[in-house]
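Engineer: Letter by letter, the chains look like this.
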Amino acid sequence: MKNTVILGALTVAGLAAGAASAATLDDVKARGNLNCGVSTGLTGFSAPDANGVWQGFDVAVCRAVAAAVLGDPMAVEFVSTTGQTRFTALASGEIDMLARNTTWTFSRDNDLKFEFVGVNYYDGQGFMVPKELGVSSAKELDGATVCIQTGTTTELNLADFFRVNNISYEPVPIETNAEAQQQYLAGACDVYTTDASGLAATRASFEAPGDHVILPEIISKEPLGPLVRHGDSEWGDIVRWSLNALIAAEEYGVTSANIEELSSAATDNPEINRLLGTEGELGAMIGLEADWAKKAIMANGNYGEIFEKTIGENTPIGLSRGLNAQWTEGGLMYSPPFR
Amino acid sequence: MTTMTDPPGQGFRLSQLIYDTRYRSLTIQVVAMIVLMLLFSWLVSNTIHNLQTLGKDFDFGFLTQPSGYDINQRLIEYDSQSTHGRAAVVGILNTLLVAVLGCALATVLGVIAGVLRLSNNWLVSRLMAVYVEGFRNVPLLLWIVLIFALMTESTPAPRAFRGDTPDASMLFDAVAITNRGVYIPAIHFASPFFTNGLFNWLLILAVLGASIFAISRLRHWATEKQEATGDRPTTWYLILGLLIVPTGLLMLLMGAFLDMPSLQGFNFGGGVHLRNSLIALWLALSLYTGAFIAEIVRGGILAVNKGQTEAAYALGIRPSTTMNLVILPQALRVIIPPLISQFLNLTKNSSLAIAVGYMDVRSTLGGITINQTGRELEGMLLLGLFYLVLSLLISGVMNVYNASVKLKER
Ligand SMILES: N[C@@H](CCC(=O)N[C@@H](CS)C(=O)NCC(=O)O)C(=O)O
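Taken in sequence, the protein lines are chains A and B. The first sequence begins at 1 in the working numbering and counts up by one. The second sequence begins at 1001 in the working numbering and counts up by one.
Just to be clear, a hint being listed does not mean it is correct.
The calculated SDA-like cross-link candidates involving lysine to any residue, where the alpha carbons are at most 20 Å apart (straight line), are [to be verified]:
1) B:LYS1056 with A:GLU94
2) B:LYS1056 with A:ASP268
3) A:LYS29 with A:PHE106
4) B:LYS1056 with A:GLU77
5) A:LYS113 with B:LEU1377
6) A:LYS131 with B:ARG1159
7) A:LYS113 with B:GLY1055
8) B:LYS1056 with A:ARG321
9) B:LYS1056 with A:LYS221
10) B:LYS1056 with A:ASN269
11) A:LYS131 with A:PRO209
12) B:LYS1056 with A:TRP104
13) A:LYS113 with B:GLY1163
14) A:LYS131 with B:GLY1163
15) A:LYS131 with B:ASN1046
16) A:LYS221 with A:GLY93
17) B:LYS1056 with A:PRO209
18) A:LYS113 with B:HIS1049
19) A:LYS131 with B:ILE1048
20) A:LYS113 with B:ASN1046
21) A:LYS113 with B:GLN1065
I should point out that these hints are in silico values taken from the structure, not numbers from a laboratory.
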């Protein structure tokens, strides 16, 4: 008798656990931390520092969401994913969101059933070669051996680029950036190709970055952004607006230096007031506390601050804002209004 | 208790299902079956439910869509415009290639190491023990990665072969060992009548097979003659001729020539490119499985009664002949069944290919295709089905062979 009860309970528990639950927000709150999928290690974007704490441009998005939802930017469980494992990890519910330089494409959105909540880096695919090869254009790469990460858009763009230009190449499929770097430096491939930002980050970690050049051709559009599963729009909204809060904060001049002051009492800029929760009910509308955006911004600063700290011009990676400047500065970063 | 003392013919009561030993096992089996079915149907319904919440369906249509990615090692025509289905076939062929090469080399290594481990020479038997224990006790993945790393780090890049005083040079002007693999000369056919490479090779193989059959008939004839007259006719030149002449003539007819690898642009062109990924995977799989096979062979030999050896020696048969004609044929009966499972292991272990970027079926269908199309369930099912069918085929073939060597009871 006892056994049947236990068995029955187990079955019910199993059924409950087995079905993918729709309310990710409740899960995250109940768990007390956010499971965020990141890369296996790409300096500047997502990599553990000397103390084992994850740092980077993509990591900052995870921390902002954790701060908005749980009030603690450190309440994140980082799950490293490769180009191949990331989508399975997200679809199966192992992670709540993915922030791993992932390109927003039609088929990933519609066929793989994900929801890209925005773009945190506008990128394109480039090529890196050793200087001594004397190559100055990607069109001269006929017959070259090319290292690529499998399970990426890189792989598909590369096939298209070489086919369209009617030149041949030998692909060397590789699982992670670290392996690609090692293979490339060992000369097992002539060329390394991936997102230009990734190339810059990879080159920055070389002993002699000056010996390698990034070719002028950018062969694709790679809008990189965080994504969640289809079917839970509330959760998608939270991640989307956490990212937007970071971008809007830069536009309105809200920084980690002045945020305490700006949020202590309503200012004369209603947009800032709504963003920081000193006016209106935006927090309640999204199912979070009134100061959710304030907490998200306080996690790592606004979008511009995060950019400068992790991959900006004063870091070894040295990326300029370019397309990723605010729309007011001629870039593409544009948050819909907070109202 | 009461059921046992009750007079028979009392009619059937429900409790008998549990307490009556006549029914009990049946009851247990039925219950277990029901539980199993429930579990299975729960799994299936759960899967369907989860797919629904994700908004996904179950559909193999992706196999006919263009794949969009390139594969470096292709045994059949394939490019990025080919379908995912074809990419899967390319992967399957690559898996089969490394499995066949691996099984062959592992058997050779295993038999040699197994026999030598029983050698009376202390040094030889110790060396073999080191080999066997070294490979058996370290995970295969480490060997694959180690061999691959050795091959990429310690060999020159193709550009080292360039220039007037190159840092590296080709062996005999025919073989180039680079950090991207080994380039060896290829045999091509110039004759306009034999343009289909695959067909040519099949034809050559057929002629070679016929030659070998003829040789075996010849030897049979020689043995019969020897038994009848006591003299064995000299046949070695006939055998050599049978082996070489027909195949040689055919290849001459086809206009066979050697295509030497040579430096072209970034890489070597011409010849056959054996990629490091293939070589590393092949060597690691063979060495690893070879160590297990060595133990099986040793066990098989030790299982043959010592009296057999002594009897053979007493008849004045030399040790090597004793091994070949007396011990090994009997040992084979013990060796074959566990050998089958080693072949199966090797084949399935070849899916570790991903560690070195070898494009086997796990990497094409089970890797890139799944990733690009999001068809995890379908892809994994197909992959499982492929390995299942392959394993069943291998054990089927090996079982037939086993039946042919086992003791025939008449
Ligand atoms: N944006 C592309 C490529 C993303 C990608 O894999 N990038 C590499 C290099 S920039 C990376 O993040 N590697 C980190 C890792 O290996 O974990 C995609 O979404 O498919």
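Engineer: For every hint, state whether the structure bears it out.
Structural biologist: Structure-based check of each hint:
no.	hint	in the structure
1	B:LYS1056 with A:GLU94	18 Å, holds
2	B:LYS1056 with A:ASP268	49 Å, violated
3	A:LYS29 with A:PHE106	31 Å, violated
4	B:LYS1056 with A:GLU77	27 Å, violated
5	A:LYS113 with B:LEU1377	14 Å, holds
6	A:LYS131 with B:ARG1159	13 Å, holds
7	A:LYS113 with B:GLY1055	7 Å, holds
8	B:LYS1056 with A:ARG321	38 Å, violated
9	B:LYS1056 with A:LYS221	27 Å, violated
10	B:LYS1056 with A:ASN269	45 Å, violated
11	A:LYS131 with A:PRO209	10 Å, holds
12	B:LYS1056 with A:TRP104	19 Å, holds
13	A:LYS113 with B:GLY1163	53 Å, violated
14	A:LYS131 with B:GLY1163	17 Å, holds
15	A:LYS131 with B:ASN1046	55 Å, violated
16	A:LYS221 with A:GLY93	28 Å, violated
17	B:LYS1056 with A:PRO209	45 Å, violated
18	A:LYS113 with B:HIS1049	15 Å, holds
19	A:LYS131 with B:ILE1048	54 Å, violated
20	A:LYS113 with B:ASN1046	18 Å, holds
21	A:LYS113 with B:GLN1065	18 Å, holds
Violated hints, in rising order: 2, 3, 4, 8, 9, 10, 13, 15, 16, 17, 19; the structure is consistent with all others.
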